[in-house]
Structures are given as structure tokens and as C-alpha cells.
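There are 2 protein chains.
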Amino acid sequence: MISSAGKKRVIISNVLPSVDDGLFPAKTIINQKLNISADIFADGHDEIAASVLIKYSSEKLWKEYPLALVNNDHWIYSFVPEKIGTYQFQILAWIDAFASWKNGFEKKYNAGQEVDVELKIGVQIVEGALKNATGKNKAQLQQWLSLLNETEGIEEKGSLIKNNTITEALYKSKDKSRVTTYPRIFDITVERERAGFSTWYELFPRSASAEPGAHGTFSDVIKILPRISRMGFDVLYFPPIHPIGKVNRKGRNNSLKANDDDPGSPWAIGNEKGGHKEIHSQLGTIKDFKKLVQESKKYGLEVAMDIAFQCAPDHPYVLKHPSWFKWRPDGTVQHAENPPKKYEDILPFNFESEDWEGLWKELKSVIEYWIGTGVSIFRVDNPHTKAIPFWEWVIKEIKNQYPETIFLAEAFTRPRIMERLAKIGFTQSYTYFTWRHTKKELEEYVTELTQTNLKYYFRPNFWPNTPDILTPELAAGKENGHIIRLLLAATLSSSYGIYGPVYELNIDEPMPGKEEYIHNEKYEIKHWNWDFYTKTYEIISRINRIRKENASLHSTINIKFAETTNEQIICYVKYDEDYKNVLIIAVNLDPRNTHSANIKLPLLEGFEWDDNITVHDLLNGDKYHWKGDWNYVELNPYDMPAHVLRVAVNNTI
Amino acid sequence: MISSAGKKRVIISNVLPSVDDGLFPAKTIINQKLNISADIFADGHDEIAASVLIKYSSEKLWKEYPLALVNNDHWIYSFVPEKIGTYQFQILAWIDAFASWKNGFEKKYNAGQEVDVELKIGVQIVEGALKNATGKNKAQLQQWLSLLNETEGIEEKGSLIKNNTITEALYKSKDKSRVTTYPRIFDITVERERAGFSTWYELFPRSASAEPGAHGTFSDVIKILPRISRMGFDVLYFPPIHPIGKVNRKGRNNSLKANDDDPGSPWAIGNEKGGHKEIHSQLGTIKDFKKLVQESKKYGLEVAMDIAFQCAPDHPYVLKHPSWFKWRPDGTVQHAENPPKKYEDILPFNFESEDWEGLWKELKSVIEYWIGTGVSIFRVDNPHTKAIPFWEWVIKEIKNQYPETIFLAEAFTRPRIMERLAKIGFTQSYTYFTWRHTKKELEEYVTELTQTNLKYYFRPNFWPNTPDILTPELAAGKENGHIIRLLLAATLSSSYGIYGPVYELNIDEPMPGKEEYIHNEKYEIKHWNWDFYTKTYEIISRINRIRKENASLHSTINIKFAETTNEQIICYVKYDEDYKNVLIIAVNLDPRNTHSANIKLPLLEGFEWDDNITVHDLLNGDKYHWKGDWNYVELNPYDMPAHVLRVAVNNTI
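Those protein sequences? They're chains A and B, same order as listed.
If you use numbering that gives the first Met the number 0, the first sequence closes out at 652, no skipped numbers anywhere.
If you use numbering that gives the first Met the number 0, the second sequence closes out at 652, no skipped numbers anywhere.
It should be emphasised that the hints constitute simulated quantities derived from the structure, not laboratory data.
Since we're looking at a predicted model, the values are computed, not measured.
There could be a bad hint or two in this list.
Note that identical chains are pooled: a pair holds if it fits in a single copy or bridges any two copies.
Cross-link-like lysine to any residue pairs, in silico, SDA-like; alpha carbons within 25 Å at most [stated by the list, open to error]:
hint : residue 1 : residue 2
1    : K439      : L602
2    : K32       : T446
3    : K6        : Q333
4    : K107      : Q333
5    : K156      : E113
6    : K341      : T412
7    : K559      : T446
8    : K175      : D354
9    : K106      : H334
10   : K106      : K256
11   : K173      : E356
12   : K340      : G111
13   : K340      : N102
14   : K106      : F324
15   : K439      : Q450
16   : K438      : L602
For reference, chain A alone in the conformation it holds in the complex (with noise of 0.2 Å):
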């Protein structure tokens, strides 16, 4: 059987944005630039116009916009996509016979070569888009076609053609058997502002008193926002705020046996009194949350809820859903287990339950209970140990119906399966960045993230801390060691969170030859002083409000690293679209020693360092000269262990 495809000449591959050839969505942020493009070519030497169809996903018309040809058979359409939600596009090509004939005949006519003929092939081919040509686009063809011949001499012919005004009508009027069309439809996720640019801080809500020794409330938040707020964050996120389950109830320091008055792990979700739907009553009733959910948005904070799929044994779903766990034969319900080690104070769900569905159900009607409270933004704790399936199914469902919502995926997990839920729809994802602390590893890492197909699905959101690690560079960095984390993470990723306030109040003292925190708020209520200042907290805030004011922070993709002369040093450039907001950023990154480099600034397309250039320092008032090549920097972990230099671009900063 011959192909049907005879007469499209034109091919169109590696379209871009795209992930897995399509499979997913791509993803990109409200009214920012996106580049769709493809490398799109023919046979021999004749001219190739393409397009993209574009829509957005509940419309039923497709619009037609050109792309251009870059280089090296590239072209591109810059695409601004204006609303959130799901956006499809696909890819057109066709040969232009009337660019392709212009082009011959001026070449000809230039070459004073005879034109005669030449001129009745361009009035065959005009002819021939008539065929096709409706309305005004016919009209236009028609008046052309007539001006043409009443125009006397050839070079009056040929400076009408030169200036033709009927690009736009042919393009209109093209030969549908010969138009090329590219065989999938490509999807991408439009997600606002906050899904790529994000600052998080979290902490217990039940250690929120100002008073020792009291259970917080949803109220005794509410008296700290402002602190939170001027540290410059925008989303505060709480640990799960349900009953917590009593049965096998973990102790301080995670111990097997719970004291009577020990609060038991917030993820050991549910109880007598409720599950997933309900809050721990200690804490304040639906009404308080809901006054919290509002106040946080007064001091330009969203609230995000822990959504932890699983159950502590004495969780309502047991006994009202017993097919939702798996039954032991001695007629237990199994725990979690990593064998030998038992996990006796939380069930698992069953995803091969013959009843999948309604588990599916109930769990997608939580997210949408927790969103009927005001809250958008949900921190997802281990999805990788739930169905994958679930979560592609549950995202969709919850995205078309609330596109502004963000799922943070806590997938500290094996890469395949960190990539693989960020494909199928979680917005952010937690990263390797807490383990990667050399130069070597930080830039080979960042270099993954955001210089492969990662940059299109994947969006880093670094934290130095946790409340279930912290790493020796904290432990043993102290003060120091947390500002270079801070700064690192603040910098290097759009989107950052830190697990507070132990990080500003620089709490570092580490379960014994474990990467854990001692005394873990996990297992027991603290008091803090909400009132207490550090280095910490204040280097917290410039660099929040830094981050706020340069757009080049606002993406994790546009990144440069830079040669230094000592593997203390790390520097990188972040730089926005137009090159108008450059940053330099250089940190050291040993937290007891004063190192110095040399710095060779990188080369960025499109853009030419000046021979003299003038920095700001934007972290303290400074100003220094620098050159367009090698510069030398100092830092001082105790003084200050970083440069966030504002490069002067056109003499304005």
C-alpha cells in the first residue's frame, strides 16, 4: 500500500516543549515567554512555512500563528499563555511555492537573467492559491493578480512582487494535500506564579504557644504570622492537623512506648474522633483554620496542607472500610513494614484493593474537603510509597476543577520515580539538594535539573532542612553552615523551603550518629521564642525580599555556572529573559574558613559582558569593578559568606 502522504513533502520532529513525545504535559507559568518550536525540513531547496495551532483546552477553535526559523532547520513560536489550565498545540508544515518562486526570481532577475517566463510561473502559483481562497484572502489574491498585469516594465513588475502584500492571504489559501501535520497534539499545564516561585516555611502549629508548656492553637499561629511574614515568606506549611491515632502511639524520640501525655506523630493520622476530614481538636475547631487560612493571606502567605495517605490502626476508615488495608491471616491488619523493621503505628492502603475505586474516591474527596477550606496548596508526604496511578488519575481530576491548585511531592526517593511523578502532574517536587554539598555536586546537579528534559516537568524546590534530617553541614556548620545552606537553596532553586524555627534559631544539635534532629517535634510539643533575632533570621529576609525584587531569582532555569580557582567557591549567573536583572552569585561554601578565587564570568547567548562592570552587592550596600573576564573574590564565613552582586546592565541597576 502506498503511503497517503505522497505530496507533503515537509517534516516536522523533536517538538518542543514536550515530555515523553508528548505522553505529558509539558509545563510553564501564566504570561511567562514560552518557546514552542520543532525542527521542521524538506527534500531540495524550495522555501517551508509552519505554523502552530493553538488552543486552550475547553475551546473548540484553533488559532494559527507562524513559526520562524531560527537556525540549523529550528523554528520557533514565542507563546504567552494567558490564562492557567490545559493549552494544546500542534505543528503544521507545507512547502511555500511563492516564496520559494520569489526567491528564485529575484535571484534570476539580479542576476539579469531573463524573466518572462519566470514572472507566468508566479502568476500559475497565485492562480493555483485562488483555488483555495475565500472571502477577502481571494479578493486580496485577485487584486494582486490584476495589479500585476496592468504594471508596465520589469523592474516596476519585480518591485511589486519584492513588496508583495499577499503573504498573509496565500498563507490562508495553502494546499491542505500538501500540508504536513505533525501527529500528536502536545498538552501543556499552564500553573500561576506561585508553582515556580515559592518561598516555604513550615512548622508545628501545636508548638506555637507563647506559652510553656501549652498545646499551640490555630489562634497562637495566627500572633506569629507577622513574624513569618516579615522573614519574606509566602507559603506557611503545617505538618497534618488531625486526630492523631492512640494505638501503638510512638513516644519522644520516636520510642516504641508513648507516655500518657506524649502528643504521638501527626502523620500517624486518625482516631476515635476522625480522620482525614477532621482536625485534632487541641489545635482549634474548622472555623479556627478557616480564620487562619484568612489571616495568612492578609500577611501575604498561603496555608498548605500535609495530605499523608495512610492511617493510624484506630482510623475510622478500619472498621467502615476493612478492604481498603490488608488482612493478616490471624485477622490483624498488616502495618507498614520494611522487614525486619515494623512500623506498628501506621497502616498502609491497600492500592490492589478490589475496592480501588472507592478508595480512589474518598481519598480524591479529601484533597477536595481541605480545598472547600481555602487552602490551593497541598504538600504530599511520600507519594512514591501510594499507586502512581492514583496520583496521575487524582491530580487531573483536581486540576481541571482547580487549576490554581499545587501539589508539592515529598518524593525523597529513587530518580526514575522522583521524574516520574513530577510527569504526571505534581507541581513541585523535593530534591537531592539536601545531600548535594560540593561544588562538584551542587553544579552537576543543578546542571541535570535544569539543562536536560528535567527543565520542562520537573521544579526543584530545595530544602536545607526537614523535620527528619538534618545534615552535618548543618550540625556542624552551626550559624555559618546554615546561612550557606540558606543562601544556596534561596538562589540556586525558585523555589525553597526551610522547616522552622529551628533552622533561623540555628538548632543543631543531632540525634547521636544519626542525621536526625534530637528531640524530634515530631514525638513532642516544643516551646519557642518567637521573639528571639538571629544572623540567621536576618540574612533569611534580604535574601527573601532580594528574591522578590530580581526576576532572574524567579526561574530555576536560567542559570550559568562560573569557573572558580577554588573548589570552596562556588558562582553561578542567574539572569532574566531580556538580560536586564543579571545576578553574579558567588558563595563559599565552607562555613569556618575565609577562602578567596578567581572568577571567570561565563559566556551567556545573547549577551556581552562589558570590559568594566558595576556590581552591587545586593546582601550588603557594596560596590565593586568588575572586569568582563577573571575578578577576584574574599569571603568570610563569619562576616559574610556570599556576594549577590547586581550587575549594572546599560548603567542602570
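Chain A is fixed; fit chain B onto it per the hints.
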């Protein structure tokens, strides 16, 4: 709507080998090991099982083979295709409930935990599998359950489980509702050995006569077969052997006016005596040609035909099928052009003809005609100036019927077009090697060909010269330059070719100011001394023998470049799959000066360099002792510009 994939927890992605995620087949060679692989993982810690279904395209039944986990969630099955043609494969994966349970059971048992209930769970799992089991598998599972039941003592039961014999039976009794099937079926094109390893010699038969002034014949070519065979070539490629157009025939040195005795370019095909299915009568008859094809085989040479789908103005097609050409309003046929340049001796086919189907079928019949004479290798002239969908169709059609057919694309064109021609079926392609001269250029280009996705579908064929190209490196490099470029082509690519005898005779006079031969054989009949031997001839013979005897030179992608301390010395290691054949090749790129360098041997995955290495230079028989790190070489281009060092592995060479 809820996904139907509810219980299918395993994810499959990144299936390899694949080209554009299955849009095009990957290529491989018969009887060579091919790794079929995928990233496979699930939520949680359960054990996974995975398999690949494989079948030859014409077979009905799939065979199933197990994949094994290598690292980082990447699974592999090593497949050795035993037939040429198309194979298909598809990947499956599922949670292995029994293995997951067995794993936990053993850990708990070893930790001294109570396992009575665990044992019952294991029995439940096997009982579950029984529901999907039939025949022998069912019997085996039942027998094992009985045996487990009868076995006394937990230790004995434990050992029965540890040494279980039911993996295979469980594997075949899997619950299909829990099996993930990757949604695409992938094709693999399996070709004969010469598709991947070939050594080409191009000559003009009309210059084959021993008698000065005489037009060479196929019989004359038979007389020089021994010479070509002694040099170690295995493909003998002729420019077109068809009647040559008389209208607008080109004269010597591409002049616009031919003299009466000028033979014309063989690529201007067709005159009143016939076209693409006829033989130029001065060369001989179709019978003579068939005889040449058969005689060549006796010398280990396969004849390759040129396929140049274009016509001289007097080709019979022009009268018989006017619709296959573009007609101008003045009643003339459109000739080839690149305005303002005209090529009036050549008419291109119009692939947008309304009778494109008729054209496609006729062109296919041309290839079939020559296959009928015993030819199965075709060198396709300028495929990038004919519609690409045509090639996709015709190659598929031909290879379905004649899977042994080899197509070499003379695609000296832009990168995306070269790549596309390889994707749609061309077996091999001309490359940019001809213009890659410095160490950096060669390393970058060969790395791109061998370390990117190109390795799955693009098989390079390196040509130092062609009738169209005499590079400055050959023209100015004289005999040394010819030897250097030949050794590079012969060892960097498993397929390479030269245009002779100008190459081995070191003919090097260019057209002034151009990178072309003066007095080009394309426009005149030459008389060569076929009994003249040169150093170049001798080196060609040696390196082609070395190629035959060393498996590491039968593949292009098995290469690692070594660091050297001199930009004029390039060094690379070639190796076979089991590292039984390891070559270190060092070439001095400067034809005029002796150079020396220190060379650092590269890291090879799965191979360790001994501290003391014995190497034998296969070019001259010398023996050296190398160390496993840095080594010294000195290469005099007037003596021998290269080492081809075979490494003694396990004291054998």
C-alpha cells in the same frame, strides 16, 4: 472517569533501543547481542518482575523472556536476533507478590521473628496464583503447596521456600489485571553483517581498460578485481552505468559545452537508447553486467549500484511521463537550478506530481530490476533532493521483500535531514567526516555519532574523498595526508570507502581555488596504470586486513577517546563486547612533521588496564610495553603516521 489501570502499579518508561519513542525502528546486526531495556519501578518496596515479548514480524506468537534489574531501576534483556528482517518487542511488568513475600519472610525469619502467620500469607499468595494457572504450572504449584504442608519444622519449611522451584510457574500464572504493558510495540530492523561492517571501493568502469584511449567495459573491470580484492575491499561501487544524456551534455572539467567525443557525466541519465533500466552500450550488455556481479563475488566483492533518480533532457521518461516533470509556461521542462545557477543537463522529478503514485511505483521497479541482476547494495545519489516520504515507502517495500538490501545515503546535507533519512530506513550514510580534520573536530563528531541516540539508527560510512571532493588535507598532504585520512576513516568507522584508483595513486591536483579534482573523471574517460603500487596501496591493504581480523573494528560505537598532550596526536581505544579484542590507535594528524605525545588510557566500564601492558603494533609488527596510565608515543608521518596497537589481554594476543 476513573482510569482502568487501577491495580497496575508498575511503571515502564524509557524503553530502548528506540528511535523517537517507537516512531521509527532501531537498527541492529544479525547474531549480535542487543540490549533491550527499560526503566521499571513501582511505589513502595515490593519486588518487581518484568519481561519482554519478542516476535519476528511475520510470526503470530510472541515469546516471553525475563528482564533483569541492572541498576537505578533499569532492566535489561540481552537479545540475539537470528534472522534478518524486522523483529517487534513489547515490555511487560508486574508486582511479584511471591518474591516480595519471600523477601520479607526470610528477613523476619533471620531476625528470629515469629513467622507462622507469614507462612500462611505465602500459602495464600500461591493459592491466588493457582487461579490463573493451567496445566503443568498448576500441577507444580499444587505439588509445592502439598510439599510445604507436609514438611515438618519451620527450618525445613524455610529452606523449601528459599530454594523454591516455582518461580517459573508463578511467572506464567500472573494476574493479568495487575500487569502493566508499555503502550507501544517497538520495531527492530535486523540487517546482515555488511550493513554494519563494510569497506567500499568506488571506480568508474569506463576507465577500466588497460588500453589507453579505449572505453572501459565490464570485462575490463573483471580483470582488475584481483587488485581490488588484494587491497581488502568488500563492496565495489560503480557510478551510474546507464545511457548518458546527449542534450546539454557537460564537457571536460564541467564545461557547459561538450565536444563530440566527450562522454558526459554518468549522473545525467538517459537518452534515446533508454534510461534507468538500461546499460550504456559501451560498457557491455546486461549479460556482461551479471557476469561481473558473479565474478566479483568470487573475490569477496559485492557490486553496489548507484541510484540517481533524475533525468537527462533526452531520457525516455520525459516523453512517456510528462506529468513526472515540471513544465514551464513556455513549453520547456524545468531543469535543476540553484538560482542564479542552472544545471541544464539534469531534470529533477516533480514529487508533487498529480501522478506521484505512478512515479513512486516506477522508481521502485528500477530498484527491483537491478536486484534481479544480483545486486543488493545501492548507493543513493543525493537522496535529500527527492521527497523523503518516497524513500520511507520504497525502502520499506524493498526491504520487506529483500531484507538483505543495503542502502547507502549520499546525504551530504544538513544534520536534521541526514538524521531523518537514517530514521526512515537508509542502512548507512555519508557523513561530515570528510570535513572534520582537527583532533577536536574528530572527537566531537565521533562522540556525537556514537554516544547519543544516533547510535540506534545512524550508521556512518566515512569517505576521505569522492569524485566530487578533494579536500585540502589530501591535496596539500600528498601521500602522507592520504595515508593519515585513510587510517582515520578505517579505524574510526566500521564502514568506510574511497574513490579510487585516484586515492591509492595519491592523485592530488585540485581545480584551482576549489576542493575538487581537476580533469575530473566525472566528465572524461581516464586511463589508469592498474599495476602501479604505492605506499598508500600497501597501507590500505594492511589496515583492511587488520579490520577483518579485529572484532573491535566491526562496530563504530565501541570507542573511547584518550587524553593526549599534543593537539596533533589523536588517540582512541576500540574494544569488542568481552574486551577480548582491545586496540589502542594513535594517529599523527600532521602530514609534514613528527609529533610526540603522552597518552592517558581512558576508563572503560567493565575492563581494567593492567599495570604492565604488552601491545603489538599491527601496522608494522613492533612490540611495546605500556603502563596502565600515561604512555609516550612518537609518530613520524614519513615513516608511519599511526600506531594500531593490539593489547595482550590475559597474556594472549
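The hints, checked one at a time:
1. K439 x L602: both (19 Å within a copy, 20 Å between copies)
2. K32 x T446: within (22 Å within a copy, 34 Å between copies)
3. K6 x Q333: between (63 Å within a copy, 19 Å between copies)
4. K107 x Q333: Only across copies: K107 and Q333 sit 14 Å apart there, 83 Å inside one copy, limit 25 Å.
5. K156 x E113: So K156 and E113 pass the 25 Å test inside one copy only (14 Å; across, 97 Å).
6. K341 x T412: Within one copy only: 20 Å inside a chain, 63 Å across chains, cut-off 25 Å.
7. K559 x T446: Result: close both inside a copy and across copies, 9 Å intra and 24 Å inter.
8. K175 x D354: Between copies only: 17 Å across, 50 Å inside.
9. K106 x H334: between (79 Å within a copy, 16 Å between copies)
10. K106 x K256: Intra 89 Å, inter 24 Å, cutoff 25 Å: inter-copy only.
11. K173 x E356: Between copies only: 22 Å across chains, 49 Å inside a chain, cut-off 25 Å.
12. K340 x G111: Answer is between; shortest inter-copy Cα gap is 12 Å, intra-copy 88 Å.
13. K340 x N102: Between copies only: 13 Å across chains, 75 Å inside a chain, cut-off 25 Å.
14. K106 x F324: between (77 Å within a copy, 23 Å between copies)
15. K439 x Q450: both (16 Å within a copy, 23 Å between copies)
16. K438 x L602: Classified as both; 19 Å inside a copy, 23 Å across copies.
Violated hints are absent here; each numbered hint is respected by the structure.
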